[in-house]
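Chains as they are written, first to last, in the numbering used here: chain A, 54 to 375; chain B, 227 to 589.
Just to be clear, a hint being listed does not mean it is correct.
[As the list claims (entries may be wrong)] Under the rule of at most 27 Å between Cα atoms (straight-line distance), these lysine-lysine pairs were calculated in the DSS-like manner:
id, chain 1, residue 1, chain 2, residue 2
1, A, K190, B, K543
2, B, K543, A, K166
3, B, K549, A, K190
These are calculated hints, taken from the structure and not from any lab test. All values derive from a computational prediction rather than experimental measurement.
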Amino acid sequence: MNSRFTSLYVTGGLFMLLFLIGSLQFDHFGSTRVLANLFTDNAFLAITAIGMTFVIISGGIDLSVGAVIALTGVACGVLIGEAGLHPLVVFPLVLIGGGLFGATMGALIHYYKLQPFIVTLAGMFLARGLATILSDKSVPIDHSFYDAVADFGTFLPGDAWVGASTLILALVVAGAVVLAHYSRLGGYIYALGGNAQSARLMGVPVARTTISIYAISGFLSALAGIVYSFYTFSGYSLAAVGMELDAIAAVVIGGTLLTGGSGYVIGTLIGVLIMGIIQTYISFDGTLNSWWTKIVIGLLLFAFIAMQRLLTARGNRGMAHA
Amino acid sequence: MNNLPPAAAKEQPVSPAGPRGLLPPLNGRYLWPLLGLVLLLAINLVLSPEFFQVKLVDGRLYGSLIDVLNRSAPVALLAIGMTLVIATGGIDLSVGATMAIAGAVCANMLVGGVDSIFLVVAGGMAIGILIGAVNGSLVSFLGIQPIVATLILMVAGRGIAQLINAGQIVTFQNEAFTFIGTGSVFGVPFPILLVLMVFAAIQLLMRKTALGLFVESVGCNAGASHYLGVNARAVKMMVYCIAGLCAALAGMIAAADIQGSDANNAGLWLELDAILAVVIGGASLMGGRFSLVLSLVGVLIIQCLSTTIIMSGVPPKYNLVIKSLVVVFVLLLQSPRFQAQMGALIALAKSKSNKSVGERAEA
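For reference, chain B alone in the conformation it holds in the complex:
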């Protein structure tokens, strides 16, 4: 955006000398989200030390920490895809509906007598990529604003999932598929492993090839990238396909978890949590620089927050209010103007204390 360079230019002279110089300048971007997460974990440690206990029961790890990780798996998958979409300056509102559709497709394949688990999983993944491709073509070839382009499938997607399920909640019995949601490998729940695998794959794809650079350049300035020879359309197409694929995997976890496909409730409002996680991780909705690690930290912050609220004995009905206030606070922390105002406040407080020290010294 137009206002980015002046803001950055203004920030730089401030950081070495000003109050922000107190923080390691290089780590500034990673500091705030990580600090938030550490703070939340510390609160949990004070509230109940057993939060960090991890026990091995019947060959599976148990404990609050494992629970937080396990529960955040669907949002974490969504957030990985969403990070790339947001990095190109887009947004994908349809991922929740995609989860419902992928769940419906898998459930109906299982009920319809498809024996091969690989076929079922492949079918779910294919439908996710297909939905991503639809979103991607609307955005990159028709040039429709991402928020509207994906709104179409957000609205229609649940209807389509209902259509596939014929308006019913389709339940299934299949051990191999249920493993996706409830199984564990070497004691680690499978959803956590799935998140780690997807994260590793996408991180390698983005950082060990030039793709990550292309994504960021398209997000910074699609027009300029186009003139530099980056195929902006293909890059956008790709990120929406990845987002669709991640959403389909999340949808399979959700379906396997309840051994059924509930078109109305699967992944409901999770797109908002995923977007929130990416923003808490410090990404700008305008696009550009992205970090998958920070987005996952954002996911953990959101999930830890809900767990902390429950652990602290605050009635769960305060959950949403606390969540919204934390979000506003985190957003303000990232706003240059707020940082400057806080900096001025700190400076004011310092100069006052300095003055009083000086006066004392004079006396």
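In isolation and in its complexed conformation, chain A is listed as follows:
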């Protein structure tokens, strides 16, 4: 077994184990339908978490993603519902807006040597604030295009619905894997997270890479915001509060090191699915309270981080106290 993929195997194994436990315990748990719903319900989280994966691989963090989702949703609501624009005109606008938002944060982080944590925290306040200014009420989105999107899709055997959200997620995953492993920018991102100093000396264009990373995260958050509006048919400035933490947790459970330099997009996807399956399990059970989700995810986070420590401690034992 290749040790590079150990944490990925563990994550995948855990997902299968949880699915197996659920299937043995409940009648309709082990079906393609539950599986397909996992993708549909968590598509927006997965898309955001994939953007977060790149940020974390590069050694940074992006706290603004949940707020960008809300801002995108409200912007869609206002532009489509109130200004009467066609969604296909609005979507490119908000996607570019999300990308530029991220790029600005990346530029602040790189050129002024500010901490990603604080810059993206300010970005979170700004995006939520802008969303509140646009509308402090929930804006319904009522457009024939949205109905068409909701109907678009196909049933797989076992009553499993594969809709537009799942297909968009599949495209994002494919694109992210290509970006991470078959593109020059992907190599730069891993190099930057592994050791920024060495990366600079090797000729990695640090400025361009940093700005691209946050732009990608902003763009994917905006895309997640659109997918989220498909899901809720509305835009609300308080939507997706705290989702940045879910995204970070999914990335960590997916086996990405928070110190940067190592991680996989597929791992993040499985991390999101694990969080989704815990929620599904709790709703199937019916007697457990929903806050158990939080506790279980906390325990999982701890288990995975402890495991990562054990895996990496072998490599650099002398660094333990640093």
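Using the hints provided, position chain B relative to the given structure of chain A.
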């Protein structure tokens, strides 16, 4: 960090002669945050002179200023603990959840019939220290990155608080406990006094013993401190325990204020305000030098800002946007590169005006 010494080296020759020389070099660190606060207060004075009026009604002080201080008490307590954690190069995301847990523990003790107020307060404080100890062990003994280690309890903590409250909002009637949130001594609201007491205690502990030095040395270079004989693990453990204790006190204020424990909303997002306050106070998230006074100034800036926005008649929905822009501006002011750019701009403007003066003189 590696890039710190060259930046400092670059700064020094600039400060006596360059545009930064205009400022008293020693006070540079204290100047910007204090200037920000004075500016905000000045804006308030212009907007409404009664901002500074403090009245004594029924033996308790009232007024906007008192209100700002009183409301900022929970964040101020969090910021005191957070300052120490950040000084060691760490961060504590779990303090908001800790507030919820401490509030839940106290509320359930009161409802469960514990009569002694001291037991209830001690119970809350103990749970805070316990949570701090969990964070501290994850960081110092398992060597987990602080942001992740405390993320665990930030996520799970509210679940635990819900578990303690059995998913309900637990309310209580207890005058002695409510005093923590709404009482006053010699007219001064008790939360303000509590902040002052905690500040005094920690400031004495840090500055009159070597502990403060240890905290800063661990933040500058944990490895080097270890070789110098500083027990870096114990120092980190201690700061997370203090942060947990401060968060528990803040949680008790929040619970006493509403006479109940709301696990979902108690201290929600306050960890971010506390971190922001410490950063506005000029501390580096990389660790090292810290100042409790500056962190408290940062807290007051944040609280004054919200009050100013309300007083100035701007609709409250602009609150977050203005806050974020101010934060970015304050951060940029502290960035050496931005200072250099502004310095160059000022120098450019000066040389232009000098030139025009020179030309005039020649003519």
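Evaluation of the provided hints:
Between A:K190 and B:K543 the CA atoms are separated by roughly 11 Å; this keeps the pair inside 27 Å, and the hint holds. Note on B:K543 and A:K166: the hinted pairing is violated, with a Cα-Cα distance of about 30 Å set against a maximum of 27 Å. A hinted pair counts as satisfied when its Cα atoms are at most 27 Å apart, and B:K549 with A:K190 qualifies at roughly 21 Å.
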